[in-house]
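Place chain B with the ligands on chain A using the hints.
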Amino acid sequence: MPYDLIIIGSGPAGYVCAIRAAQLGLKTAIVEKWPTYGGTCLNIGCIPSKALLHASELFEQAGHGLAPFGVEVSAPKLNLKAMMAHKDATVKANVDGVAFLFKKNKIDGVRGTGRILSAGKVEVRSEDGATKTLEAKAIVIATGSDVASLPGVAIDEKRIVSSTGALKLSAPPKKLLVVGAGIIGLELGSVWRRLGSEVEVIEYLDRILPGIDLEVAKQFQRLMEKQGAKFHLSRKVTKAETTKNGVTLTVEPVAGGEATTMSGDVVLVSVGRRPLTEGLGLKEAGVTLDERGRVEIDAHFRTNIPGIYAIGDVVRGPMLAHKGEDEGMACAESIAGKAGHVNYDVIPNVVYTYPEIASVGKTEEELKGEGRPYKVGKFPFMANGRARANRTTEGFVKVLADEATDEVLGVHMLGAGVSEMIAEAAVLMEFKGSSEDLARTCHAHPTMTEAVKEAALAVEKRAIHI
Amino acid sequence: MKDISCRLLVLGAGPGGYVCAIRAGHLGIDTVLVEAKKLGGTCLNVGCIPSKALIHAADEYEKALHFASGENPFGITTSGPVLELAHTIAWKDGIVGRLTSGVSALLKKADVKIVEGSGKFRDGKTVEVETQTGLQVIRASEIVIATGSAPIELPFLPFGGRVISSTEALALTQVPRNLVVVGAGYIGLELGTAFAKLGAKVTVVEAQSRILPQYDGELTRPVGKRLRELGIEVMLDAKAKGLDDKGEALSVEAADGRKRSLAADKILVTVGRKPMTDGFNLDAIDLDRDGPFIRVDDKCRTSMRGVYAIGDVTGEPMLAHRATAQGEMVAEIVAGEKRAWDKLSVPAICFTDPEIVTAGLSPEEAKRAGIEAKIGIFPFQASGRALTMGKEAGFIRVVARADNHLILGVQGVGDGISELGSGFSLAIEMGARLEDVAGTVHPHPTRGEAFLEASLRALGHPIHI
Ligand SMILES: Cc1cc2nc3c(=O)[nH]c(=O)nc-3n(C[C@H](O)[C@H](O)[C@H](O)COP(=O)(O)OP(=O)(O)OC[C@H]3O[C@@H](n4cnc5c(N)ncnc54)[C@H](O)[C@@H]3O)c2cc1C
Ligand SMILES: Cc1cc2nc3c(=O)[nH]c(=O)nc-3n(C[C@H](O)[C@H](O)[C@H](O)COP(=O)(O)OP(=O)(O)OC[C@H]3O[C@@H](n4cnc5c(N)ncnc54)[C@H](O)[C@@H]3O)c2cc1C
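Chains as they are written, first to last, in this note's numbering: chain A, 1 to 466; chain B, 1001 to 1465.
Excised from the complex, chain B in its bound form:
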């Protein structure tokens, strides 16, 4: 096979890699994208998109249950809903298929060459790819590592059989009767909640003393309450020990030290994700590390000239839109533009029920940074829009500097507030003060009015509370 020479090679076609390649293509850079599995990476194939599709379908099913029981304030009744999970999964696969073929079309339109196969470094300028038709050698003046991440496996509970990762959970065609989720992080709780709504009896086992340890207790309280309402048992300070002798249940050491055996058709292990640094001969170029991650600077440059890294492989927050933003930036840097990572806020969303949104600093983080902060909270109980929808749990919280009212962070928890996160980020990026948000007319009736009211409250004069 003839060697390829190009200006830019991108290794991995997740949201970091494929966006980097498209942007580079737009900028006229001759670009090759190497992908071992499927275009779109974790996010499109086994992450964000399929999980949100399943969560949405589960929400719809739960609504239908409320219609059937007549237990809704809206006066709607139907017969008991029938769930065809195989149909749901087929629908989800259809979406994934359309989005990934969309990515393929976008790459073609941007004149990006796609090479299918697993790539391996030969040296800092050369990658060899095992394609179906043989070994393809690619030489590039610049290389972007965008190999993403993979689920962490517990040594005493290896994946296989009834022990599954998020990937298999998103492909189940039958709702498990008993589902045990190990790890109460966002992926575990999102999927656990969805399966509970679809009818599974769900137990969550978490080693720490609270759910969603990356968020503060104020934000997670409404989620914890909802988990209980859904009949999900949450075992905190509990250690998963491994399968029992028969291999049909999970042995757990509960908080009080007692052993419990949890019957489980499926055990979903969601204890985090690890950067993908194996399997492509990274040792050949011996890059500096930052713990398990590849160390990068504010331009996503690694310790080797001409080699960049973006996305999950570079560390937290492991989020698709961070990977995307890094990818865009690197493409522009390669094209000679002056860019650096100067984001004040990468919003994060937890698609639990209710949803959690965070942007910028939490009150705790502001305190740790030694900043005296003013905090304003507005509950959805006092929001007209929340009342019209009959979903009043949660609040929005603003964190601002006490001295000049510069907004440092905005967080919230509530039904459907995932769509508010980008607006919070924009306010932070624009350097908004409390007065700026308070002085912006927010449309009525919307949940977003709570952002304005929280800002007013931090200033000491809210209207609707």
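Pulled out of the complex, with its shape left as it was, chain A reads as follows:
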């Protein structure tokens, strides 16, 4: 019997789509080529990286952070194997959870690599080479993304690693060179710096964290430098040579000029991710890709071929797990004949470094680019009581509001634990709320979130505590 829906890829976009479809009564199958479900996010992305970020932050605290509280300990010892075991256990609990949810929702999980033969037909090749063909009324492509590579720098996952290799190094490298100052590079760079590596970051642009509000990025760079990381901006890496003891990179100024070399024990290539569309039979099926190799879709996740949809990292928009999940949910609802919708203006973004960065909506640069007049309200954590009590006074909250209507257009935060504070701003923006709405909401004392209220008050220049 044909399925109502076959999903290719079980990352956060695919598995959420499958669960929602099953809830809506669709007979659903999901094809996954890896041995476990959960995609990049659960296996080699968000979850293992956050497990290591949390554990390494504790390690750093044990080393430096306790004395001011009157707690003295000797220099901590690291058992990296045990720390990796914590990470692996966390991954396992998460991927087992997805397998359980598939069972509970009566979703057929199919192991193997999927390829679209035509609308309605998916061929699955299992590891032993056997193939079978599944049929469905609708197909969703949720194959996600893969590590982008750099010409001249061949990833071997030992000396020259991608994020995947960087999540399982067997010892902290003495010197780690990070190529690319995006979120993944800075997160994993932070992990290894805390565990003892010397870290240098090389970035093509003249700033770190492209896409993040520039003021936040600049202040964060200073904080990372204080922690000991070094940055080389406006530099491009053109070659990598692996030697017995490490790797030597050839680095050129982007503006032109003499090339230099830099050596490290391990190089992390984190220059972005690219949509994964190879071997899917898209060309044969006639599915159009856009100029950046992503599957082209309309507002309802439909490709140009009726009955074929696409969601997640493989389509336009930020490559984020929660964006994929929301698309998965909306796509399943559309296929089931309901009204599914994703509001791309309100997708929060988090960087899990120390301190964390969290943002939603427009940056100041974007608003200037659009020529949209706006007001700014800012409040530093230095003036926040809870931040003082926790010794986490770095950073600030910034609220951007429309000059005429006061509608909040963007909220940007740099500070400890701000990942848990940004959802409030997202809910507000879903309501097209104003800075006044935010300012008039009672914020609990003493919490870091009082800085959000104060920043909202500061939009009208009436903050209390500054």
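Rather than coming from a laboratory, the hints here were simulated on the basis of the structure.
Treat each hint with caution, since some may be false.
[Said to hold, decoys possible] SDA-like mimics (lysine to any residue), calculated; alpha carbons at most 25 Å apart, straight line:
1. K92(A) to E1392(B)
2. K1391(B) to T248(A)
3. K1241(B) to E1253(B)
4. K77(A) to K1241(B)
[As the list claims (entries may be wrong)] If you want the ones that stay clear, here's a sample from chain A, every Cβ over 12 Å from chain B, calculated:
5. D4
6. V16
7. P35
8. T36
9. E57
10. G63
11. K77
12. K81
13. G182
14. G286
15. A299
16. D326
17. V350
18. S359
19. M421
20. H445
[To be verified] Footprint (simulated), chain B over chain A, 3 or more residues, beta carbon under 8 Å:
21. 255-268
22. 377-386
23. 457-466
Every residue, glycine too, gets a C-beta built ideally from N, C-alpha and C.
Frame of chain A, contents of chain B with the ligands only:
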């Protein structure tokens, strides 16, 4: 001393009073603030801030113990930690000092005149203050009473010697070997937990049949479990009777009627706080009361024209941010703005381990209000973020109207969720329905995703459970 005349006089510089004065100053109102003790009131000096600093330090010490024993999943080991409580307290005092001097600077910047001394009503427009240099008479067209609250004393267990209030508990320079806490409300459990983590043997004596009686059992269960893990003995349905004959132990009548004598270096009495209505000749203006509190309307006006009251002196919930919000509002009303108390939610946080957060109505309160409610619960066991941190206790719970899905309340218990409470309040204030929260993208991986999942669950289709 020359009399002062001003537009607005604020009596008491706690989070209610000092914020009211700053806001009034910003609005151009000529304002005088009178404080008998220290700027910042209970909250900054002997309440929220020092308690959270001590709780945080205790958490850090407990972490260090786990590092030392190697009993942590993270592969970190250190030598046994040494605690210098005097150092911890000095650090805490440093923070309090910086925050209170910050308040002083903010008041100056807002052009607020500060008069130090205990104030007393002469009549509804006049207050006299005993300052160090003599009696200062201040006449004001409007007066705000923001005198706050004080710990309740048990007649058979008066403060003094080893019987202490939260104020002295926050200034101990040595961890007591045996600490008995009388009263299992939030202040008692917050401090009891902190001292247990710092190494004290803690016993909690509570007259009612459960801990944290203001919360429902579902919310307090994870806290009760953790208290047991920390080796804290909780005696419920137990009555503290007074010191024993030697004055070194607390006599308690246990639930089964038997007498027990609990050895105690310190006995911390946290049986609630009472409004501060004494000592400033309140009788002179004879305001209407609401039980022990000063009665106010939705604009914080008392029964006498031109006299307002804000903060703990006006009743429950006795929380700093409620006092602050009232203070801001009154300043704006005095400045001629149209304002009234229309908050749907004042979030409350209990900084126990794990933390409890509440905003709006609980399932029980919704029921009592005659509202048919839908309830959605999402456990942190199913949260990726909780798993990465190895802290999976607790859940988030959403309460919504069954007919139109309007969110009435959000509660939760879990590690570090104090920072989620303001977001819950915002959703309630914006009139969010379950679908609105379900339709808002929450970042992954965060604990906040549990709010979205609880909303989905109330709608009947959660994803991750
Ligand atoms: C180190 C790292 C950290 C990250 N941290 C975060 C974070 O903190 N927060 C965040 O929001 N995002 C984070 N991301 C990004 C996040 O992981 C992705 O946005 C998300 O996983 C995309 O989901 P997806 O379902 O589109 O694709 P993926 O998760 O990439 O899943 C695609 C799945 O499809 C399978 N597949 C592919 N082709 C086939 C085929 N032909 N047949 C069968 N199966 C196939 C793959 O094996 C994979 O399981 C991180 C990424 C990395 C690498
Ligand atoms: C240990 C502890 C922990 C707490 N933790 C929290 C928490 O985490 N979150 C929270 O929201 N709340 C917490 N609270 C409660 C919070 O401290 C109070 O709700 C808040 O301080 C009330 O503010 P207020 O302005 O009404 O009064 P107060 O802060 O009590 O200030 C009143 C001020 O008025 C002064 N005063 C009184 N009479 C006179 C007079 N006649 N003349 C001049 N001055 C006078 C007093 O000296 C005092 O400074 C805690 C309280 C305690 C004790």
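Okay, the hints, checked on the actual structure:
no. : hint                 : verdict
1   : K92(A) to E1392(B)   : holds, 15 Å
2   : K1391(B) to T248(A)  : violated, 41 Å
3   : K1241(B) to E1253(B) : holds, 7 Å
4   : K77(A) to K1241(B)   : violated, 50 Å
5   : D4                   : holds, 17 Å
6   : V16                  : violated, 6 Å
7   : P35                  : holds, 19 Å
8   : T36                  : holds, 14 Å
9   : E57                  : violated, 10 Å
10  : G63                  : violated, 8 Å
11  : K77                  : violated, 5 Å
12  : K81                  : violated, 7 Å
13  : G182                 : holds, 17 Å
14  : G286                 : holds, 32 Å
15  : A299                 : holds, 16 Å
16  : D326                 : violated, 5 Å
17  : V350                 : violated, 5 Å
18  : S359                 : violated, 10 Å
19  : M421                 : violated, 6 Å
20  : H445                 : violated, 4 Å
21  : 255-268              : violated (count 0)
22  : 377-386              : holds (count 3)
23  : 457-466              : holds (count 4)
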